[in-house]
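Chains as they are written, first to last, in my numbering: chain A, 1 to 168; chain B, 1 to 291.
Quick caveat, the hints were computed from the structure, so don't treat them as lab data. Every residue, glycine too, gets a C-beta built ideally from N, C-alpha and C. Hints are not guaranteed to be accurate.
In the BS3-like style, the derived pairs of lysine-lysine whose C-alpha atoms are separated by at most 25 Å in a straight line are [as the list claims (entries may be wrong)]:
id	chain 1	residue 1	chain 2	residue 2
1	A	K85	A	K121
2	A	K85	A	K132
3	B	K125	B	K61
4	B	K261	B	K239
5	B	K17	B	K125
6	B	K42	B	K239
7	B	K284	B	K42
8	B	K69	B	K133
9	B	K61	B	K17
10	B	K38	A	K121
11	B	K230	B	K133
12	A	K85	B	K17
13	B	K133	A	K121
14	B	K261	B	K125
15	B	K69	B	K125
16	A	K121	B	K230
17	A	K121	B	K69
18	B	K61	A	K132
Simulated DEER-style distance windows between Cβ atoms [as the list claims (entries may be wrong)]:
id	chain 1	residue 1	chain 2	residue 2	range
19	B	I236	A	L119	26 to 32 Å
20	B	D222	A	I111	25 to 31 Å
21	B	N108	A	I111	30 to 36 Å
22	B	N243	A	A100	50 to 56 Å
23	B	K61	A	I95	32 to 38 Å
24	B	N256	A	F146	47 to 53 Å
25	A	F146	B	V254	47 to 53 Å
26	B	R129	A	I95	45 to 51 Å
27	B	D222	A	F11	26 to 32 Å
28	B	L14	A	L119	35 to 41 Å
29	A	K121	B	G58	33 to 39 Å
30	A	V143	B	R81	49 to 55 Å
31	A	Y91	B	E210	45 to 51 Å
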Amino acid sequence: MSVLFSVLLIFISFILQSSVFSHFEVAGIVPNLLIIVTASLSVMHGERRGLIVGFFCGLLLDIFCGGLLGFYAFIMMMIGFINGKFYGIFYPEEIKLPLALIFVSDLTYGIVIYITLFLLKGRFDFGYYFLKIIIPECLYTMVVTFVFYPLILKIDTLISGRDQRGDY
Amino acid sequence: MSPIVKNKGERFSLPSKYWLVILSVICVLLMVFSFGSKNFAKPFNYAFGYVITPLENGISKLGGWLSGKSEEIVEIRALIRENEALKEQVALLTEENTILQQNRYELNKLRDLMELNEEYDAYNKVGARIIAKDTGNWYASFIIDKGEDDGLGLDMNVIADGGLVGRITSIGANWARVTSVISDDSNVSAMTLASSDTMIVSGSLQLMNENRITFSQLRDDDNVVVEGDKIVTSNISDKYLPNILIGYISQIQVDNNNLTKSGYISPAVDFEHLSEVLVITDLKKSTGEEQ
C-alpha cells in the first residue's frame with residue numbers, strides 16, 4: 001500500500017513538474033518536485049526506500065533529459081540515501097528539518113550538475129549559475145515544500161498506519 | 001551474523017547498503033550501455049511514452065488552459081484597444097492582399113516556367129504540439145505529442161515561425177524530445193546567407209534569458225559579415241538540412257586570435273511562446289547526395 005503510494009507520488013510529481021509547473025515558472029525557474037518527493041519519503045521511511053525512490057525519480061529524469069541513462073538516477077539515489085540517514089532521528093511532523101534537508105539536497109543537486117555538465121564544458125562563471133539557477137531553484141522548491149510536504153506526510157501516515165511493519 | 005537478516009515474523013529484507021551497491025552498479029551499467037549505443041535507451045523511451053505521455057498530454061492541456069485564463073483576464077483590456085487598431089489594419093491589408101495575390105499568381109506561373117523548386121516548400125512537414133517542457137532549469141528541451149508512429153525519427157529538424165527550433169534527440173512511439181538551438185548542449189553548423197561563411201552556433205544557458213545565442217569560429221577575412229546578417233544552417237552540417245533560418249547577427253567581434261570572429265545571434269523563433277512546431281520528416285542523409 002505504502003509502496004503503491006510512493007510509485008504514484010513519483011509519477012504524479014513528475015507529470016506535474018513537466019507539464020503544469022512549466023506554466024508557472026518564476027523568472028524562468030521551475031521548482032524541483034522530484035527532490036521534494038525523494039527527500040520526504042526518505043525522511044519518513046528510511047534510507048532503503050529513499051534510495052529506491054531516488055533511483056526511479058532519477059531514471060525518469062534520465063529518460064526525459066536524454067543524456068546518459070543512469071546519470072540522474074545515481075545523483076538522486078545518493079540524495080535519497082543520505083536523506084534516509086535522518087530517518088528516526090526526529091519527528092517527521094516537524095517541518096523545519098525536512099525543509100532544511102530539501103534545501104541542502106537541491107543545492108547539492110544543482111552544484112553537482114554544474115560541476116559535471118557545465119564546468120567540464122568550460123563554463124567557468126560559477127557565480128552566474130549559482131545566483132541565477134541554483135539558488136532560485138532552491139528557494140522556489142522550499143516554497144513548494146511548504147505545501148507539498150504536509151500533504152505527503154498526511155497521506156503517508158494515513159496509509160502507513162494501516163500496514164506499519166510492511167514498511168520498505 | 002549474516003548481514004542478510006531474517007527476523008521472526010518479518011519479511012525477508014536486504015539491508016540498504018546492499019541496495020545502494022546494486023543500484024549503483026545498475027546506474028553505471030546503464031551509463032556505459034547508453035553511451036555505447038543509441039538504441040539502448042529505446043525500450044525505456046517506449047515505456048515512458050505509454051505511461052507518461054498520455055497523462056502529460058491531458059494535464060498540459062489543463063495547465064495551458066489555466067495559465068491561458070489568467071493571462072486572458074490581464075490582456076482583455078489591451079485586446080479591446082488592439083482590436084480597434086487591427087480593424088483599421090484589416091481594411092488596409094485586404095486591399096494589399098488582393099494585389100499580392102495577383103503577384104503570387106504571377107510568381108507561381110513564372111516559377112513553373114523556370115522550373116524553380118524552392119527547397120523549403122519541398123520538405124515534408126508534420127505539425128506537432130508541445131505537451132511538456134524540460135523538468136529542470138539547465139537545458140531547454142521539450143516534448144512533442146508525436147513520435148515514431150507518426151513517421152518521425154531521430155535527428156529530424158524542427159522548425160516554427162519559419163525558423164529553426166532544434167532537432168529530435170530522443171524518441172518513443174508517441175512522443176519525441178526536441179532539443180532547441182538555445183539549449184546549452186546544442187551546437188549547429190551555420191553560415192551567413194549572403195557570403196556563405198561558416199560558423200558554429202551554440203546555445204548558452206547564460207544568454208537564454210536574453211533570448212540570444214552565440215556563434216563562434218566565423219572566418220571572415222574580407223570583413224563582409226555585418227550585424228543584421230541572416231544566419232542559416234550550413235550545407236556541411238550532418239544533422240541539419242541546409243538553408244533553414246536560424247536568426248540574425250546582433251553583435252559581432254574579432255576573437256583574440258585575430259583569425260576568427262564570434263558574437264551573438266537573435267534567433268528567429270520566439271522560444272518563450274512556442275506551442276506548435278513543424279517537424280521536417282526529411283533527413284539530411286537522404287537529401288545530402290548533391291554534396
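Structure-based check of all given hints:
| no. | hint | verdict |
| --- | --- | --- |
| 1 | A/K85 to A/K121 | 33 Å, violated |
| 2 | A/K85 to A/K132 | 30 Å, violated |
| 3 | B/K125 to B/K61 | 23 Å, holds |
| 4 | B/K261 to B/K239 | 23 Å, holds |
| 5 | B/K17 to B/K125 | 51 Å, violated |
| 6 | B/K42 to B/K239 | 20 Å, holds |
| 7 | B/K284 to B/K42 | 22 Å, holds |
| 8 | B/K69 to B/K133 | 20 Å, holds |
| 9 | B/K61 to B/K17 | 42 Å, violated |
| 10 | B/K38 to A/K121 | 22 Å, holds |
| 11 | B/K230 to B/K133 | 28 Å, violated |
| 12 | A/K85 to B/K17 | 11 Å, holds |
| 13 | B/K133 to A/K121 | 24 Å, holds |
| 14 | B/K261 to B/K125 | 34 Å, violated |
| 15 | B/K69 to B/K125 | 31 Å, violated |
| 16 | A/K121 to B/K230 | 28 Å, violated |
| 17 | A/K121 to B/K69 | 41 Å, violated |
| 18 | B/K61 to A/K132 | 29 Å, violated |
| 19 | B/I236 to A/L119: 26 to 32 Å | 30 Å, holds |
| 20 | B/D222 to A/I111: 25 to 31 Å | 46 Å, violated |
| 21 | B/N108 to A/I111: 30 to 36 Å | 58 Å, violated |
| 22 | B/N243 to A/A100: 50 to 56 Å | 54 Å, holds |
| 23 | B/K61 to A/I95: 32 to 38 Å | 33 Å, holds |
| 24 | B/N256 to A/F146: 47 to 53 Å | 49 Å, holds |
| 25 | A/F146 to B/V254: 47 to 53 Å | 51 Å, holds |
| 26 | B/R129 to A/I95: 45 to 51 Å | 39 Å, violated |
| 27 | B/D222 to A/F11: 26 to 32 Å | 58 Å, violated |
| 28 | B/L14 to A/L119: 35 to 41 Å | 36 Å, holds |
| 29 | A/K121 to B/G58: 33 to 39 Å | 37 Å, holds |
| 30 | A/V143 to B/R81: 49 to 55 Å | 35 Å, violated |
| 31 | A/Y91 to B/E210: 45 to 51 Å | 46 Å, holds |
The structure fails hints 1, 2, 5, 9, 11, 14, 15, 16, 17, 18, 20, 21, 26, 27 and 30 (numbered hints given earlier, in ascending order).
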